[in-house]
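K.L.:
Okay, here's what each chain looks like letter by letter:
Number of protein chains: 2
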Amino acid sequence: MVTRAEAAAATRSALVRAASELLDEGGPDAVTLRAVGARAGVSRGAPYGHFEDKQHLLTALAIDAWNSVADEVEQLRADLDATASARLERGLLTLIGVGRRQPHLYALMFSTPVGGDPEAAAAATRVENEFLILVADLVGESDARRYGALLMSSAHGIAGLELSGHLAKEKWTVDGDQVVRLLVDAVRSGVSG
Amino acid sequence: MVTRAEAAAATRSALVRAASELLDEGGPDAVTLRAVGARAGVSRGAPYGHFEDKQHLLTALAIDAWNSVADEVEQLRADLDATASARLERGLLTLIGVGRRQPHLYALMFSTPVGGDPEAAAAATRVENEFLILVADLVGESDARRYGALLMSSAHGIAGLELSGHLAKEKWTVDGDQVVRLLVDAVRSGVSG
DNA sequence: CATCTCATGTGACACTGTCAACTATGCTCA
DNA sequence: TGAGCATAGTTGACAGTGTCACATGAGATG
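Protein sequences, first through last, are from chains L and C.
Heads up, the first sequence is in the numbering used here, so the first residue is 179 and it goes up one at a time.
Heads up, the second sequence is in the numbering used here, so the first residue is 179 and it goes up one at a time.
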């Protein structure tokens, strides 16, 4: 037998998982409270016992995504064999990779109002701090924040343009990975020159 | 008296204008076909005489926005007093400016499937070509496409992070304008070094 | 004037998020 | 143990949405 708290927690995570799967499979329009409930094995009204409304359920998805990116970038830090440039490139590609593998989730991450939910803000801050460490390894502590803003913006832009189809290789002759390399090179020569 | 074609064209543009205003004022949720029709002085079903469905009406908004950006960047080209760097910076800030002044419209521009509508693709291509000219003035023809991809990605990323609140100055110590300057500087030293 | 054409209005439908009322089951305490 | 409580979950209802089929009426055409 399971305690009631366990059952409730299981339902909650089942709802989040169901919403995540539906988002990946069919985009935002497919994430209906009725569909989420059905996939989680509960009824359409059950989510209201765990989330204030639909937006808060989606925010829970975004929080998981931000934390997942933070975890991935954090692990990258341990690889001291790689150069600072290589580690940074891989970090940026981690974020871009979410956009490639889970485009709808990626869009959700950046359309979730970060000001409202403190947990969401904390998760996003984790990612930013992890990036700051990688950037500092390349350009030094004093310039890390300025170049961190540039690098994270650019990575986000690359992901966004790929996602919307505006970074087609026929037009620009380079793909996202090459742009990341170009970016890191430009920053490195910009900070040292 | 007005001819029937004139009246229809007037209705069509009134629908687009109404949708644009509603989008600016209340975000995507405020753009209902009923509200659009009401503001344009017609009924809720009228849009279907001019657009295949709601998505195509929104695409018309996006096309206007893309062309407007293209016009603005094109005019920039005429200012030969400014340096290539300054012109490029202003071009990038033109795009970012749309994100600042009309955030919902900006989001719509990049969430509109560019593959589907040839008119939308053409409008977006106009913007890209205008940017390519500005970039070529700075880094030369041969590198224009590579650095163009980087610069447009970064500008889009800056706009996106500003829009979602992830480019807060307290965290990064720089704002969007400064990141643009940093970006152009980095590219310039990257291409010459 | 008679007829056609087509932009627009209207009724209807399925679907959505949301809430109030209800049910049932695990939990608490005498 | 058994009575009462707290609460996760269900269900009915409602307003609002996009969309379509059909009705209507006025400009266009002969």
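Note that these hints are calculated values from the structure, not bench results.
Even for Gly, the Cβ is constructed at its ideal location relative to N, Cα and C.
Mixed in with the good hints there might be a few duds.
Claimed, not checked - Computed footprint of chain L on chain C, listed as stretches where at least three residues anywhere in the stretch have a Cβ under 8 Å from a Cβ of chain L: (1) 239 to 246; (2) 288 to 294; (3) 322 to 328; (4) 352 to 364.
Stated by the list, open to error - Cβ-to-Cβ under 8 Å is the rule here; a few derived chain L residues that face chain C: (5) Gly219; (6) Arg324; (7) Ser367.
K.L.:
Against the earlier hints, flag every one the structure doesn't satisfy and list their numbers going up.
P.N.:
Violated hints (numbers, rising): 1, 5; every other hint is consistent with the structure.
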